[in-house]
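Chemist: Spelled out, the chains give:
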Amino acid sequence: MFVLAQKGMQFVEKFIPMRHTDIRELFKFEKTPLNILVAFTTFVFLILFVIGATNYFIHGHHAYGVTREHPWGLMIAMYIFFVVSSTGLCIMSAIGHVFEVKVLEPFAKRAIHGALVTLLSGFVVIFLEIGHPFRMMIYNTISPGLTSAIWGMGVLYSLYLIFIVIEFFFLLRHDHKWAKRFGIFGLVVGVAAHSNLGAVFGFLVARPVANGIYYPLYFILSAMVTGCYLIFLMYGFKYKLNFPPEMQKTLVATAKILGLLLAILLFFEIWRMLTAIYGGMYDRSTTALHILKSAPFLVGEILLGILIPFFVILFSNGKAIKTLVFTSFTGMIGIFFMRYDLVHDTQLFPMQMLKTREYQLPPSFIEYTPSMNEIFIALGAIGIAITLYYIGDKILYLETDPD
Amino acid sequence: MANYGMALDYKNCINCKACEVACKEENGVQLGADKHRIWVGVKDIEGLWPNLSISSSTFEPSQCQQCENAPCQEVCPTQATHYTKDGVVMVDADKCILCSYCMEACPYDARYVKEDTMTIDKCTFCSDTRLLRGETTTACQATCPTKVRTFGDLDDPNSEISILLAHREYKTLKAHLGTKPKLFYLI
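Going down the list, the sequences are from chains Y and U.
In this text, residue positions in the first sequence follow numbering that gives the first Met the number 0: the first is 0, and each later residue adds one.
In this text, residue positions in the second sequence follow numbering that gives the first Met the number 0: the first is 0, and each later residue adds one.
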């Protein structure tokens, strides 16, 4: 297998320039404390993934904490977390190399690489959530449910994967003409796929707190925020906070865009809550009030996800790019809570309001706790994303050419 | 071709749960509190002891509402959930991918995961059991001691259900969602 991988890399090198084709190079890295910590954590995450996935293959959905009343759990949240990151990175990349905003061009290749890595990690998670993934591929094709947002999302994300692979291929070959063309396709299909994912929730007439136009729009906006956070994290790690002057300009520009996006996101959140509570439509308003008083929303989504990075940008005029690397890390934790909350909050209000068996309390807000297996797979998927990113970073030229 | 529906004289329900047992027996529904195609909802008695309002406690037998405009059918990515020619919402287990989107979309919590096939299951009006054998009643209807349920063809003006609906007032559950349920609760 080792030899096969080696041969594969040598074959790929005929088409795209590579930094290393010797697979042993992958295991060599600078032994700084941070690098060792990341490598160790990733290794642990990968082991956890194997444990979680094995339990899932043995026990099926019993390995998860999902129930009849709460059929979607952490797996769906993680899938959204990854594909949101992918779309965000694709959009941020496109601003530079498709729309030719010169100051944002330096991260075009690395962002597309990140988009590819996060998309694949998302697919791994959803593979372990869908009960019959192979049946899905067959019947999505021969018996398509055209009115289903999941069907639309599946098709569009598949196309998106194809387009960004081709875009990345041409970017690595320095063929900017074709990279731009496929970048446009990737962007359009990616935005369509991602808003479709928002519509998976937006189409739920049974769930007033999710139903409507909000999620398809919010998904695109929060994807861009996620893309900015990941760019800060990728370059903060790459340069160990000692950014060269060119990169400083790029990151300050990215910070300013991020500041604007966060302000809009805050504006979205405020009006989402006000419209949900105003008028007192029972199921919608009680659910919104419940969300409003919850720690994951206030601390996770609002404080970590929006306010802290926003105020760092506001008070530093976008110039505190080193601090922003750290707030991007906490920002990503906030983004995780955004994904987790949107899945959980959608299912908060019970569909069945009467008791259906003896000794049962009258139904109230549905509770859900992820099982250890779900947590293992979720962390494992982060490990997979870091591993794939590291491999790409190690063997490919991810910096944009000086021309 | 028929257009099957069910009328429920729900105020006659005594919460004996014979319907739940008959449904499980007839349709091979697994044991377990979460595994049920039909159920009886119980509204608690209101008030504080000793001033309890006995009449405030009601029973509401329920199941899949067999919506004419079923959200579960709209959201199914593989058309596993479909309408039969008799207007019954059914799940084709061979096509179901267990994405659980229909469970999310159903406003009545009428769907659950069937463990032996690992697919979604729900009330079928006994289409694949009793009706297939030529019988004209569902298991829950046949077993009910107080004749809560009346099952039949809504398109046949002479059917028992059509006559009942023509002469009695009725309501449907969560009618504001536009799902057009075909379970009618007689008032």
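You may find that some hints are simply not true.
Claimed, not checked - Taking lysine-lysine pairs in the DSS-like style, the calculated list, with each CA pair at most 27 Å apart, reads: (1) K354/Y / K84/U; (2) K42/U / K146/U; (3) K354/Y / K113/U; (4) K354/Y / K42/U; (5) K30/Y / K393/Y.
As the list claims (entries may be wrong) - Ranges between beta-carbon positions, derived for each pair: (6) A294/Y / Y82/U: 20 to 28 Å; (7) N68/U / K393/Y: 38 to 46 Å; (8) M352/Y / D93/U: 42 to 50 Å.
Hints are computed from structural coordinates only; laboratory data are not their basis.
Don't be surprised by glycine CBs; every beta carbon is placed ideally from N, CA and C.
Chemist: Give a verdict on every hint.
Modeler: For each hint, the structure was consulted:
1. Distance hint between K354/Y and K84/U is unfulfilled; the C-alpha atoms sit about 34 Å from each other, more than 27 Å.
2. Straight-line distance between C-alpha atoms of K42/U and K146/U comes to about 20 Å, which keeps the hinted pair within the 27 Å bound.
3. Note on K354/Y and K113/U: the hinted pairing holds, with a Cα-Cα distance of about 22 Å set against a maximum of 27 Å.
4. Distance restraint check for K354/Y and K42/U: the Cα-Cα separation of roughly 7 Å lies within the 27 Å cut-off, and the hinted pair is therefore satisfied.
5. Straight-line distance between C-alpha atoms of K30/Y and K393/Y comes to about 15 Å, which keeps the hinted pair within the 27 Å bound.
6. In this structure, A294/Y and Y82/U break the distance hint of 20 to 28 Å, their C-beta atoms being roughly 44 Å apart.
7. A hinted range of 38 to 46 Å is violated for the C-beta pair N68/U and K393/Y, which are about 54 Å apart.
8. For the pair M352/Y and D93/U, the beta carbons lie near 34 Å from each other, so the given range of 42 to 50 Å is not met.
Violation of the numbered hints given earlier is confined to hints 1, 6, 7 and 8; the remaining hints are satisfied by the structure.
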